[in-house]
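Undergrad: Here is how the chains run, residue by residue.
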Amino acid sequence: VTEFDFDGRSIRFTAGQSVGAALLSAGVRSWRTTRRGGRPRGIFCGIGVCYDCLIIVDGVPNERACLRPATAGLAVRSQTGTGHDDLAS
Amino acid sequence: VARVVIIGAGIVGAACAYFCARRGLTVTVLDRTAVAAGTTGGGEGNVLLSDKAPGPELTMALRSARLWLELAGSLGADTLELEHKGGLVVAATAAALAALHAFADEQRHAGIDSERLDPAALRTAEPHLARDLAGGVFYPADLQVQPMLAAARLLAESGAGLRLGCEAVGLRLDHEQVTGVRTSDGVIPADYVVNAAGAWGSRLGERFDAPVPVLPRRGFVLVTEPLPPLIRHKVYTADYVANVASDDAALQTSSVIEGTRAGTVLIGASRERVGFDKTTAIPVVRQLAAQAVRVFPVLAGVNLIRVYAGFRPYCPDHLPIVGPDPRVPGLLHACGHEGAGIGLAPATGELIAALIAGAEPSIDPAPFAPDRLVGAPL
Numbered sequence: 001v002t003e004f005d006f007d008g009r010s011i012r013f014t015a016g017q018s019v020g021a022a023l024l025s026a027g028v029r030s031w032r033t034t035r036r037g038g039r040p041r042g043i044f045c046g047i048g049v050c051y052d053c054l055i056i057v058d059g060v061p062n063e064r065a066c067l068r069p070a071t072a073g074l075a076v077r078s079q080t081g082t083g084h085d086d087l088a089s
Numbered sequence: 001v002a003r004v005v006i007i008g009a010g011i012v013g014a015a016c017a018y019f020c021a022r023r024g025l026t027v028t029v030l031d032r033t034a035v036a037a038g039t040t041g042g043g044e045g046n047v048l049l050s051d052k053a054p055g056p057e058l059t060m061a062l063r064s065a066r067l068w069l070e071l072a073g074s075l076g077a078d079t080l081e082l083e084h085k086g087g088l089v090v091a092a093t094a095a096a097l098a099a100l101h102a103f104a105d106e107q108r109h110a111g112i113d114s115e116r117l118d119p120a121a122l123r124t125a126e127p128h129l130a131r132d133l134a135g136g137v138f139y140p141a142d143l144q145v146q147p148m149l150a151a152a153r154l155l156a157e158s159g160a161g162l163r164l165g166c167e168a169v170g171l172r173l174d175h176e177q178v179t180g181v182r183t184s185d186g187v188i189p190a191d192y193v194v195n196a197a198g199a200w201g202s203r204l205g206e207r208f209d210a211p212v213p214v215l216p217r218r219g220f221v222l223v224t225e226p227l228p229p230l231i232r233h234k235v236y237t238a239d240y241v242a243n244v245a246s247d248d249a250a251l252q253t254s255s256v257i258e259g260t261r262a263g264t265v266l267i268g269a270s271r272e273r274v275g276f277d278k279t280t281a282i283p284v285v286r287q288l289a290a291q292a293v294r295v296f297p298v299l300a301g302v303n304l305i306r307v308y309a310g311f312r313p314y315c316p317d318h319l320p321i322v323g324p325d326p327r328v329p330g331l332l333h334a335c336g337h338e339g340a341g342i343g344l345a346p347a348t349g350e351l352i353a354a355l356i357a358g359a360e361p362s363i364d365p366a367p368f369a370p371d372r373l374v375g376a377p378l
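Protein sequence lines, in the order shown, are assigned to chains U and R. Residue numbering for the first sequence follows my numbering, beginning at 1 and increasing consecutively. Residue numbering for the second sequence follows my numbering, beginning at 1 and increasing consecutively.
By construction, these hints were calculated from the structure, which means they are not laboratory data. Mixed in with the good hints, there may be bad ones.
From chain R, some residues computed to sit far from chain U (all C-beta separations above 12 Å) [stated by the list, open to error]:
1. Ser74
2. Ala110
3. Leu164
4. Thr179
5. Asp191
6. Pro324
7. Pro361
Label-pair distances were calculated between CB atoms; the ranges are [unchecked claim]:
8. U:Pro69 <-> R:Arg286: 24 to 30 Å
9. R:His109 <-> U:Gly37: 46 to 52 Å
10. R:Arg232 <-> U:Cys50: 27 to 33 Å
11. R:Ala300 <-> U:Ala72: 27 to 33 Å
12. U:Val49 <-> R:Arg261: 21 to 27 Å
13. U:Cys45 <-> R:Leu251: 31 to 37 Å
14. U:Asp7 <-> R:Asp105: 55 to 61 Å
Negatives, chain R to chain U, calculated, CB over 12 Å [to be verified]:
15. Pro56
16. His109
17. Leu230
Just so it is clear, CB atoms sit at the ideal spot from N, CA and C, and this is done for glycine as well.
Take the sequences, apply the hints, and build the full model.
TA: Shown next as structure tokens:
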């Protein structure tokens, strides 16, 4: 099965797709909110430059969805803010 | 009214423009690229007293820190991103701590406040610091500004004419007296010309037949992804002071770590004499990152998003070159501030303006006078 989990939902993908492309194909437009305004973000440049499409993959925040290859069984989670709230004192 | 042409739109050129304009001089600033695109843009925005031993540089730094506070008062601290961050110098070993205490005691006699922190107090000041440090010293008067923003703000406030993308190629002289600057866009008339070209001050001096011994020392700064506020002060290790004061050409690194308003953490500081080569050196990046994690273990799981390099304009006696060139009447130098140019810029600009206007300077100009270095080998 070529699927990964996104916030509890199964996302199908084809070989060679990025996490971001698979999410877009499944109709998911945004998966992060900005640090200050809480605004929604998803794919913008699509080529790894703009850092807008940040997402949590297997517990690691700030992965670029447009660069991260989709693989079966990934645990992908939407991200809030820096994704590093656990570090705050 | 005397016409002043300042070459270099970095922080030093901007401060010279601002203070010259305040004295009623007519000011033009030119830069071969853009505002803060050279030495200034490769720095961190340090306004430090903590790293300076008593002497002329500290005198200039004290005057400059006071001017930065006045500028924040008149222009608005937010428009410069000026922060009363305070510097925290940490020592890993008892020997390093003893040396740090002795240094702070000397500085106290010169008017620099500081406070000794034991390991428990260190943890209160910076909760994420490594637990095994021997102690530290806190310097409440260390400041931070956003150097590019500050340079742009001072230039705008000065009302100076700004010529960007305009390169100085030589001087126009009449009976050895400066009457203008020859540029890629033609001659700009001037009664005084100020060399504020930062790390390129030596190259510019050569074009004016007035060489000054300024050498670039490369420093890398690492930038992390944005994080929640973790690091409150400008934190650096005690060996930074020794490295800045060193004459060694080989690579030296110490840790300088601080958070920014944008959430990123900046990690420095390396020093290497490699000419104007900006190629990213991965071993240096690795070493800086490892040292930062040693001081702040919380950074171990954090990504870097960017690395930038800058050139610290280094003079053989570690003092900036500020004042009139004895060989070319009308030419002044304001460069060679090493890694302290942001901090020292206002006092430099104030001094240049006073020297041009024939007014009483606020600090003794003699230790910075170009005379001392004319003819000195690079």
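Undergrad: Now, for every hint given, state plainly whether the structure supports it.
TA: Verification of the hints:
no.: 1; hint: Ser74; in the structure: holds, 28 Å
no.: 2; hint: Ala110; in the structure: holds, 35 Å
no.: 3; hint: Leu164; in the structure: holds, 26 Å
no.: 4; hint: Thr179; in the structure: holds, 48 Å
no.: 5; hint: Asp191; in the structure: holds, 47 Å
no.: 6; hint: Pro324; in the structure: holds, 48 Å
no.: 7; hint: Pro361; in the structure: holds, 44 Å
no.: 8; hint: U:Pro69 <-> R:Arg286: 24 to 30 Å; in the structure: holds, 26 Å
no.: 9; hint: R:His109 <-> U:Gly37: 46 to 52 Å; in the structure: holds, 50 Å
no.: 10; hint: R:Arg232 <-> U:Cys50: 27 to 33 Å; in the structure: holds, 30 Å
no.: 11; hint: R:Ala300 <-> U:Ala72: 27 to 33 Å; in the structure: holds, 29 Å
no.: 12; hint: U:Val49 <-> R:Arg261: 21 to 27 Å; in the structure: holds, 23 Å
no.: 13; hint: U:Cys45 <-> R:Leu251: 31 to 37 Å; in the structure: holds, 35 Å
no.: 14; hint: U:Asp7 <-> R:Asp105: 55 to 61 Å; in the structure: holds, 58 Å
no.: 15; hint: Pro56; in the structure: holds, 40 Å
no.: 16; hint: His109; in the structure: holds, 36 Å
no.: 17; hint: Leu230; in the structure: violated, 6 Å
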